[in-house]
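Number of protein chains: 2
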Amino acid sequence: MSQENVQVKLANRPVGEPKSSDFEVDRAPVPQPGDGEVLVRVEYISLDPAMRGWMNEGRSYIQPVGLGEVMRAGGVGRVERSNHPDFKEGDTVSGQTGAQQYAVLKGDELIKVDESVAPLPRYLGALGMPGMTAYFGLLDVGQPKAGDTVLVSGAAGAVGSTVGQIAKLKGCRAVGIAGGAEKCDYARQLGFDDVIDYKSENLFRRTKEACPDGVDVFFDNVGGQALEAALARLRLRARVVLCGAISQYNITERPTGPANYMSLLVNRARMEGFVVFDYKDRYAEAAREMAGWINDGKLQAREHIVEGLPDFHKHLMMLFRGENFGKLVLKVSDA
Amino acid sequence: MSQENVQVKLANRPVGEPKSSDFEVDRAPVPQPGDGEVLVRVEYISLDPAMRGWMNEGRSYIQPVGLGEVMRAGGVGRVERSNHPDFKEGDTVSGQTGAQQYAVLKGDELIKVDESVAPLPRYLGALGMPGMTAYFGLLDVGQPKAGDTVLVSGAAGAVGSTVGQIAKLKGCRAVGIAGGAEKCDYARQLGFDDVIDYKSENLFRRTKEACPDGVDVFFDNVGGQALEAALARLRLRARVVLCGAISQYNITERPTGPANYMSLLVNRARMEGFVVFDYKDRYAEAAREMAGWINDGKLQAREHIVEGLPDFHKHLMMLFRGENFGKLVLKVSDA
Chain A
2 MSQENVQVKL
12 ANRPVGEPKS
22 SDFEVDRAPV
32 PQPGDGEVLV
42 RVEYISLDPA
52 MRGWMNEGRS
62 YIQPVGLGEV
72 MRAGGVGRVE
82 RSNHPDFKEG
92 DTVSGQTGAQ
102 QYAVLKGDEL
112 IKVDESVAPL
122 PRYLGALGMP
132 GMTAYFGLLD
142 VGQPKAGDTV
152 LVSGAAGAVG
162 STVGQIAKLK
172 GCRAVGIAGG
182 AEKCDYARQL
192 GFDDVIDYKS
202 ENLFRRTKEA
212 CPDGVDVFFD
222 NVGGQALEAA
232 LARLRLRARV
242 VLCGAISQYN
252 ITERPTGPAN
262 YMSLLVNRAR
272 MEGFVVFDYK
282 DRYAEAAREM
292 AGWINDGKLQ
302 AREHIVEGLP
312 DFHKHLMMLF
322 RGENFGKLVL
332 KVSDA
Chain B
2 MSQENVQVKL
12 ANRPVGEPKS
22 SDFEVDRAPV
32 PQPGDGEVLV
42 RVEYISLDPA
52 MRGWMNEGRS
62 YIQPVGLGEV
72 MRAGGVGRVE
82 RSNHPDFKEG
92 DTVSGQTGAQ
102 QYAVLKGDEL
112 IKVDESVAPL
122 PRYLGALGMP
132 GMTAYFGLLD
142 VGQPKAGDTV
152 LVSGAAGAVG
162 STVGQIAKLK
172 GCRAVGIAGG
182 AEKCDYARQL
192 GFDDVIDYKS
202 ENLFRRTKEA
212 CPDGVDVFFD
222 NVGGQALEAA
232 LARLRLRARV
242 VLCGAISQYN
252 ITERPTGPAN
262 YMSLLVNRAR
272 MEGFVVFDYK
282 DRYAEAAREM
292 AGWINDGKLQ
302 AREHIVEGLP
312 DFHKHLMMLF
322 RGENFGKLVL
332 KVSDA
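So the sequences go chain by chain: A and B. If you read the first sequence in our numbering, its first letter stands for residue 2, the second for the next number, and so on. If you read the second sequence in our numbering, its first letter stands for residue 2, the second for the next number, and so on.
Only chain A is shown next, with the shape it has when bound in the complex (with noise of 0.2 Å):
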């Protein structure tokens, strides 16, 4: 076992965009576990949009990161040494290990996770929080029937690929937004009727054409313009899900409302935010669907693996340049 646990803690709030000097690079000895805990060596952790968020003070859906504490992260690793009776050494596991090499956690924040059903990667996307957030968002708020018109921003993301896929499977027409050729051809692969590139093509005029009927379902990762073309295209009755607002995380400057919000009136709509929290106890059910689907080929996953825990600020910030493809998952224990 390696004797020192590398941390990223954070060091302080960012303003804006986060800077490298937001994180600092900690050495401090392994921990041991106590009584019902686990030692975890961490192999892969998750990076998230929703970091952002966990990194300002004040109220939010979940208590922000402290200072000088290590960096909040879902990971994926092995147990080295249990004080759990459910848990054994060499089991595989998930839970919130945070952004460092060994984690010590209680039994029951432990998931065991099975790397022959799918790679550890697997289990912090398609598997995983992400996974878990398309599966209840688009279902439980979104409430799509099939023929439903499914628009989605972020559409080649961890939770947007995922959100298409699922409404392809129910029925529905799935339109994506993307930002980029690459990112739109790959959205169409995994089988979205259509795909609008923001960056190349006019958002409210392509959103019209891609969606002639109008909206029925928008499921929004990204907010800003995707948000404003999205409600400028509702049908009656429409849902709007909302669970990102990535485009708007680091700006400085008042956020940008939604202009024509009163589209929510006109059409009859609605506009729900939810945590993918909420649903815990649900998990295991949407996770052995999900699986089910993976392992038939109905439901593709695609990872973006970096490496280095110390280049963490590095990484991260490849999600807010739209620079990753696939779910953003940094691996850990070589570092």
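Keep in mind that the hints were calculated from the coordinates and are not lab data. Don't take every hint at face value.
[Stated by the list, open to error] Cβ pair distances, simulated, as ranges: (1) A:Glu110 to B:Lys281: 47 to 57 Å; (2) A:Gly69 to B:Lys299: 49 to 59 Å; (3) A:Met319 to B:Asp282: 53 to 63 Å; (4) A:Phe205 to B:Asn57: 13 to 23 Å; (5) A:Gly172 to B:Asp27: 50 to 60 Å; (6) A:Asp214 to B:Ile252: 24 to 34 Å; (7) B:Leu237 to A:Glu116: 29 to 39 Å; (8) B:Gly309 to A:Ile63: 51 to 61 Å; (9) B:Lys299 to A:Glu110: 45 to 55 Å; (10) B:Asn57 to A:Arg289: 43 to 53 Å; (11) A:Ile63 to B:Ser22: 49 to 59 Å.
[To be verified] Partial list, computed: chain B residues near chain A (C-beta under 7 Å): (12) Ser61; (13) Tyr62; (14) Leu243; (15) Ala246; (16) Pro256; (17) Gly258; (18) Ala260; (19) Tyr262; (20) Met263; (21) Leu266; (22) Val267; (23) Met272; (24) Glu273; (25) Phe275; (26) Val276.
By construction, the Cβ of each residue, glycine as well, lies at the ideal position given by its N, Cα and C atoms.
Here the structure of chain A is known, so what remains is to put chain B in place on it, guided by the hints.
For chain B alone, coordinates are given in the frame of chain A:
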């Protein structure tokens, strides 16, 4: 019977605030009812913020008023001549009469109203569209539970004052937002637990103070800052009922969307629009319950009656300047 029918027609589509020249006063012969039709002598018409939207071209929840057409308006009056078996001369009725002295409507477009239960103008207020709007918007869309905090903008208006009183009848805490001391006092007399004067108080600070546990239901007639102040104080699973946005109807620059709309995500809340016309199959049910409350002294209503159809524009502008006090009703007959 008067030999002519004074009518107010839409002459131009207003840009920003409606101008006097956007309307023209015309005099036509009194129309005669055809088979199954009824001639109504209009006594009062309703002046509503929604009229501003009806003047705009383009897709909305209802067809725009055509240029040169009589301005759409709800009205109450007396049957002058009937070719429909359900109505006889002298009956008091309400319907979409338009802004004119005489209207011909089909029998099934009219509802009989009973002057012995309430004076005619009330059938354009608490027992008319504004009352129905308050009733269905609050109870069906807002779904308040006893103990909830219900915040209402435009709290001294026809809709808002009714929303607050129904909220109290349902065991909620009712907090209003209104402009000026007199309107705030009026809302307090109606039973609002607290009222915020947006003209003289800090809306954000006072909303926090008046809703210490947060807002469960926000019923919005105003938009703009009121909406942002409410979003900033939402409780978990709150409901924002979009009824109107009078602060935004006449502006010519880009309207203001709620910059903090992501509070809907953080709080797993929803914002939903509705249109009262969708509930017409249930008007009778609601009107019965509302009339009962009025007769039992549990629901107060107030009308602000102005007179003179040719001054339609001047009276209408009172709405946008916040000059009316209670439901604004225009007396027509003796013009």
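Verification of the supplied hints:
Taken as a hint, the range 47 to 57 Å holds for the pair A:Glu110 and B:Lys281, whose Cβ atoms sit roughly 53 Å apart. Between A:Gly69 and B:Lys299 the beta carbons are some 58 Å apart, a value that agrees with the proposed interval 49 to 59 Å. A:Met319 and B:Asp282 have their C-beta atoms about 54 Å apart, which keeps the hinted 53 to 63 Å range intact. Between A:Phe205 and B:Asn57 the Cβ separation comes to about 19 Å, which falls inside the hinted range of 13 to 23 Å.
The hint said 50 to 60 Å for the Cβ distance between A:Gly172 and B:Asp27, and at roughly 54 Å that hint holds. Evaluation of the 24 to 34 Å hint for A:Asp214 and B:Ile252 yields a pass: the beta carbon distance comes to about 31 Å. Remark: the range hint 29 to 39 Å for B:Leu237 to A:Glu116 is upheld by a beta-carbon distance near 37 Å. A hinted range of 51 to 61 Å for the beta carbons of B:Gly309 and A:Ile63 is consistent with their spacing of about 59 Å.
Restraint check, B:Lys299 to A:Glu110: a C-beta distance of roughly 52 Å satisfies the suggested window 45 to 55 Å. B:Asn57 and A:Arg289 have their C-beta atoms about 51 Å apart, which keeps the hinted 43 to 53 Å range intact. The hinted range of 49 to 59 Å is satisfied by A:Ile63 and B:Ser22, whose Cβ atoms lie roughly 56 Å apart. Taking 7 Å as the C-beta cut-off, the interface hint given for B:Ser61 holds, the closest approach to chain A being about 5 Å.
Given the 7 Å rule on beta carbons, the hint for B:Tyr62 holds: about 5 Å separates it from the nearest Cβ of chain A. At about 5 Å, the closest approach between the beta carbon of B:Leu243 and any beta carbon in chain A falls short of 7 Å, and the interface hint on this residue holds. Nearest Cβ of chain A to the Cβ of B:Ala246: about 6 Å, under the 7 Å cut. The hint holds. The beta carbon of B:Pro256 comes within 5 Å of a beta carbon in chain A, closer than 7 Å, and the hint placing it at the interface holds.
A least Cβ separation of about 3 Å between B:Gly258 and chain A falls short of the 7 Å threshold, and the interface hint therefore holds. Given the 7 Å rule on beta carbons, the hint for B:Ala260 holds: about 4 Å separates it from the nearest Cβ of chain A. Given the 7 Å rule on beta carbons, the hint for B:Tyr262 holds: about 5 Å separates it from the nearest Cβ of chain A. With a cut of 7 Å, the hint placing B:Met263 at the interface with chain A holds, because the nearest CB-to-CB distance is about 6 Å.
With its C-beta approaching chain A no nearer than about 3 Å, B:Leu266 sits inside the 7 Å limit, and its interface hint holds. Satisfaction of the interface hint for B:Val267 is found here, the shortest Cβ-Cβ separation to chain A being roughly 5 Å, below the 7 Å cut-off. Interface restraint check: B:Met272 against chain A, minimum CB-CB distance 5 Å, threshold 7 Å, status holds. For B:Glu273, the interface hint holds, since its Cβ comes within 7 Å of a Cβ in chain A; the closest pair sits about 4 Å apart.
Hint on B:Phe275 holds. Least Cβ distance to chain A is approximately 6 Å, under the 7 Å limit. The beta carbon of B:Val276 comes within 6 Å of a beta carbon in chain A, closer than 7 Å, and the hint placing it at the interface holds.
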